[in-house]
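*Asks:* Sequence:
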Amino acid sequence: MEKTVKIDPKNSFYGTGRRKEAIARVWIFPGEGKIKVRSSSGKEWDAKDYFERDILMAKINHPFVVTETLGKFDVYATVKGSGKPAQAEAVMYGIAKALESYNPSLRPALKSAGLMTRDARVKERKKYNQMGARAKYRWSKR
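One point on numbering: in my numbering, the residue at position 115 of the sequence shown is 113, and numbering is uninterrupted.
The set of hints was computed from the structure by calculation and includes no laboratory data.
Hints may contain errors.
What the hints assert, rightly or not - Within a straight-line C-alpha distance of at most 27 Å, the following computed DSS-like cross-link-like pairs (lysine-lysine) qualify:
id: 1; residue 1: K8; residue 2: K18
id: 2; residue 1: K109; residue 2: K139
id: 3; residue 1: K82; residue 2: K139
id: 4; residue 1: K139; residue 2: K124
id: 5; residue 1: K70; residue 2: K32
id: 6; residue 1: K41; residue 2: K82
id: 7; residue 1: K124; residue 2: K82
id: 8; residue 1: K78; residue 2: K124
id: 9; residue 1: K139; residue 2: K121
Unchecked claim - Computed beta-carbon distance windows for the label pairs:
id: 10; residue 1: E50; residue 2: R123; range: 50 to 60 Å
id: 11; residue 1: P83; residue 2: K4; range: 23 to 33 Å
id: 12; residue 1: P102; residue 2: R51; range: 40 to 50 Å
id: 13; residue 1: L68; residue 2: R105; range: 17 to 27 Å
id: 14; residue 1: R140; residue 2: D117; range: 27 to 37 Å
id: 15; residue 1: G79; residue 2: S138; range: 35 to 45 Å
id: 16; residue 1: A56; residue 2: K139; range: 50 to 60 Å
Values in this document were obtained by computation on a predicted structure and should not be read as measured data.
We put the beta carbon where it would ideally sit given N, CA and C, even for glycine.
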């Protein structure tokens, strides 16, 4: 599937966001606030149709609200891995990094809102001789 958005390094700013297993590559460029998401299937979506829930859209728009740039940038993001809530947080983090590359003076506002710190929590690995990461097999006397 072809990209409908033309990304030009002269007028766009890039940021990578990660959360759990989700990775979002995010480009922002001057516009009227449209958000396009390209999923790993190759299909391009409007963000409202892809993420569906209002709370996820609020997360995605949070960096714009904090920096008072809501409606001034269009967003194009490619997402893969994990589930939609983690992908939405990855897009949020990618937007924050792209806004910082657009204007470094926005960093203090983004940092005080907690948007410049990657959430490093990931699933703990399963250990050998155990059912899962923490759960053990039950001991049986006979």
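*Asks:* Each of the hints needs a verdict: does it hold here or not?
*Replies:* Cross-check of the supplied hints:
no.	hint	result
1	K8 with K18	violated, 31 Å
2	K109 with K139	violated, 55 Å
3	K82 with K139	violated, 45 Å
4	K139 with K124	holds, 25 Å
5	K70 with K32	holds, 9 Å
6	K41 with K82	holds, 15 Å
7	K124 with K82	holds, 24 Å
8	K78 with K124	holds, 23 Å
9	K139 with K121	violated, 32 Å
10	E50 with R123: 50 to 60 Å	violated, 31 Å
11	P83 with K4: 23 to 33 Å	holds, 30 Å
12	P102 with R51: 40 to 50 Å	violated, 32 Å
13	L68 with R105: 17 to 27 Å	holds, 18 Å
14	R140 with D117: 27 to 37 Å	violated, 46 Å
15	G79 with S138: 35 to 45 Å	holds, 39 Å
16	A56 with K139: 50 to 60 Å	holds, 54 Å
In this structure, the earlier hints numbered 1, 2, 3, 9, 10, 12, 14 are contradicted, and the remaining ones agree with it.
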